[in-house]
Amino acid sequence: MKNPFEHLDKILEHSVRLQIMSVLVANETYDFNSMKEILNVTDGALATHIRALEKEKYISITKSFVDRKPNTRFKATERGRKIFKMHLDALEHVIRQQKK
Amino acid sequence: MKEKQEYEKDLASIRLVMERSVKFISLSGFSGILAGVYALAGSAYAYTLLYYPEIPLGNPSLFIADHPNLIFKLQLSAALVFILSVGTAYLFSWFKAKKLGIALWSSTSRQLLSDLLIPLCAGGIFILILLSQEYYQLIAPLCLLVYGLTLLQCSRNTFREIRYLGVTEIFLGLIATLRPDAGLVIWAFGFGLTHIIYGAVMYFRYDR
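Chains as they are written, first to last, in the numbering used here: chain A, 1 to 100; chain B, 1 to 208.
Accuracy of the hints is not assured; some may be wrong.
So these bits of chain B aren't anywhere near chain A, every CB distance computed over 10 Å [unchecked claim]: (1) S21; (2) V22; (3) Y52; (4) S61; (5) L62; (6) I64; (7) S77; (8) A89; (9) K98; (10) P119; (11) G166; (12) P180; (13) V185; (14) F204.
Lysine to any residue pairs mimicking SDA-like chemistry, simulated, CA-CA at most 25 Å apart [what the hints assert, rightly or not]: (15) A:K36 <-> A:N3; (16) A:K36 <-> B:Y90; (17) B:K9 <-> A:F5; (18) A:K85 <-> B:R156; (19) B:K23 <-> B:F159; (20) A:K82 <-> B:L11; (21) A:K99 <-> B:E8; (22) A:K85 <-> B:E8; (23) A:K85 <-> A:N3; (24) A:K63 <-> A:E78; (25) B:K23 <-> A:T42; (26) A:K57 <-> A:R17; (27) B:K96 <-> B:Y203; (28) A:K63 <-> A:A26; (29) B:K99 <-> A:S34; (30) B:K23 <-> B:C121; (31) A:K10 <-> B:K9.
For the record, the hints were derived by calculation from the structure and aren't laboratory data.
Quantities reported herein were computed from a predicted structural model and do not represent experimental measurements.
All residues carry an ideal CB built from backbone N, CA and C; glycine is no exception.
Extracted from the complex, chain A is given alone in its bound form (with noise of 0.2 Å):
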């Protein structure tokens, strides 16, 4: 990697989005209430960066009824995996040169 800078994704450069494909590549799907406590994040602020997520097609979203109380679940995409795999490589490549 010549220009690791390059390979750095824009959308999760926030540290947030970043913790939201974390949970999801370790994890097959995630609701919001957990992925709220984990991240310890006000309902809005998910709700805002789930939605820049899934408008860049990295996440997939799913609604449903569990005792008729509404659950929406998160999916990594394909796409969305890729992209944090590249940019975790990034991120390693930026920190290794910068300790040189």
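Please build the complex by placing chain B on the supplied structure of chain A, with the hints as guidance.
Just chain B, lined up with the frame of chain A:
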């Protein structure tokens, strides 16, 4: 462009949320120690019923069938050990979750519970059927085997020590199958001593 420290913080936060989202970290080592103590107490009681004052070796399934009262007492004490252990594990997990500031009932604990219930219930029912048909010889090894396989099944969602504990229990279960005369001793070793050792290791590593 961000500063280097920020990139490092990004990487650290990825690691943290990945781990937290997959692992059930509210499990307390202390509840393992207590479960071991209950099991040892239960084994000591079973020893007084079956062998006292002789050494605890010899195959009890040869004479136990003629003593329904004895069987009832053994089953009752085993059930008590089980209920106390589960209750303690729940209570201490609740405390630890509160201390860590996370919810006990989360996506991770639900996953853990669903992984745990299927092998545990299947094995438990299998053991109950054997009991009802008066096959006593395999009860002790089966308890160890079922428990070990259950731990192994849910170990990917919690601390890695649980995996080693599972393998240890499976190994002891197989040994107990070979040596039905030492069933109680191996059971006490597997559920008592092993729990205390692993519980203490986990307590010192994660609870303090």
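Results for each hint:
The claim that B:S21 lies off the interface is violated: its Cβ sits roughly 4 Å from the closest Cβ of chain A, which falls inside the 10 Å cut-off. The claim that B:V22 is not at the interface with chain A is violated, since a C-beta of that chain comes within 10 Å of its own (minimum 5 Å). No Cβ of chain A approaches the Cβ of B:Y52 within 10 Å, the least distance being about 51 Å, so the stated non-interface status holds. With a least CB separation of 45 Å from chain A, B:S61 remains clear of the 10 Å interface cut-off, as annotated.
For B:L62, the requirement that its beta carbon stay farther than 10 Å from each beta carbon of chain A is met, with the minimum near 50 Å. Separation of B:I64 from chain A is adequate, the least Cβ-Cβ distance of about 47 Å exceeding the 10 Å criterion. The non-interface label for B:S77 is consistent with chain A: the shortest C-beta to C-beta separation is roughly 39 Å, beyond 10 Å. Under the 10 Å C-beta cut-off, the non-interface status given to B:A89 relative to chain A holds; the minimum distance is some 21 Å.
Every Cβ of chain A is farther than 10 Å from the Cβ of B:K98; the closest lies at roughly 14 Å, confirming the non-interface assignment. Against chain A, the non-interface label of B:P119 holds: every CB pair exceeds 10 Å, the least being about 20 Å. With a closest Cβ-Cβ approach of about 22 Å to chain A, B:G166 is found to remain outside the 10 Å limit, as its non-interface label requires. Taking the minimum C-beta to C-beta distance to chain A, about 43 Å, the non-interface status of B:P180 holds against the 10 Å cut.
Separation of B:V185 from chain A is adequate, the least Cβ-Cβ distance of about 42 Å exceeding the 10 Å criterion. Its beta-carbon lying about 26 Å from the closest one in chain A, B:F204 satisfies the requirement of being farther than 10 Å from that chain. Of the pairs offered as hints, the one joining A:K36 and A:N3 is violated, with about 34 Å between alpha carbons and a cut-off of 25 Å exceeded. Annotation: proposed proximity of A:K36 to B:Y90 holds, straight-line Cα distance about 24 Å (limit 25 Å).
Simply put, B:K9 and A:F5 have alpha-carbon atoms about 17 Å apart, close enough for the 25 Å limit, and the pair holds. For a cut-off of 25 Å, the pair hint linking A:K85 to B:R156 stands: about 22 Å separates their Cα positions. Restraint check for B:K23 and B:F159: the C-alpha separation of about 7 Å stays at or below 25 Å, so the hint holds. Distance check on the hinted pair: A:K82 and B:L11 sit about 17 Å apart at the alpha-carbon level, within 25 Å; holds.
The straight-line distance between the Cα atoms of A:K99 and B:E8 is roughly 11 Å, inside the 25 Å bound, and the hint therefore holds. Using a Cα cut-off of 25 Å, the hinted pair A:K85 and B:E8 holds, with the two alpha carbons roughly 16 Å apart. For a cut-off of 25 Å, the pair hint linking A:K85 to A:N3 stands: about 16 Å separates their Cα positions. Among the hinted pairs, A:K63 with A:E78 is consistent with the structure: their alpha-carbon atoms are about 20 Å apart, no more than 25 Å.
The hinted pair formed by B:K23 and A:T42 meets the criterion: a straight-line CA distance of about 23 Å does not exceed 25 Å. Distance hint between A:K57 and A:R17 is fulfilled; the C-alpha atoms sit about 13 Å from each other, no more than 25 Å. Straight-line distance between C-alpha atoms of B:K96 and B:Y203 comes to about 11 Å, which keeps the hinted pair within the 25 Å bound. Straight-line distance between C-alpha atoms of A:K63 and A:A26 comes to about 21 Å, which keeps the hinted pair within the 25 Å bound.
For the hint pairing B:K99 with A:S34, the CA-to-CA distance comes to about 18 Å; that is within 25 Å, so the pair holds. The straight-line distance between the Cα atoms of B:K23 and B:C121 is roughly 23 Å, inside the 25 Å bound, and the hint therefore holds. Proposed proximity of A:K10 and B:K9 is supported: the alpha carbons are some 17 Å apart, at most 25 Å.
Violation of the numbered hints given earlier is confined to hints 1, 2 and 15; the remaining hints are satisfied by the structure.
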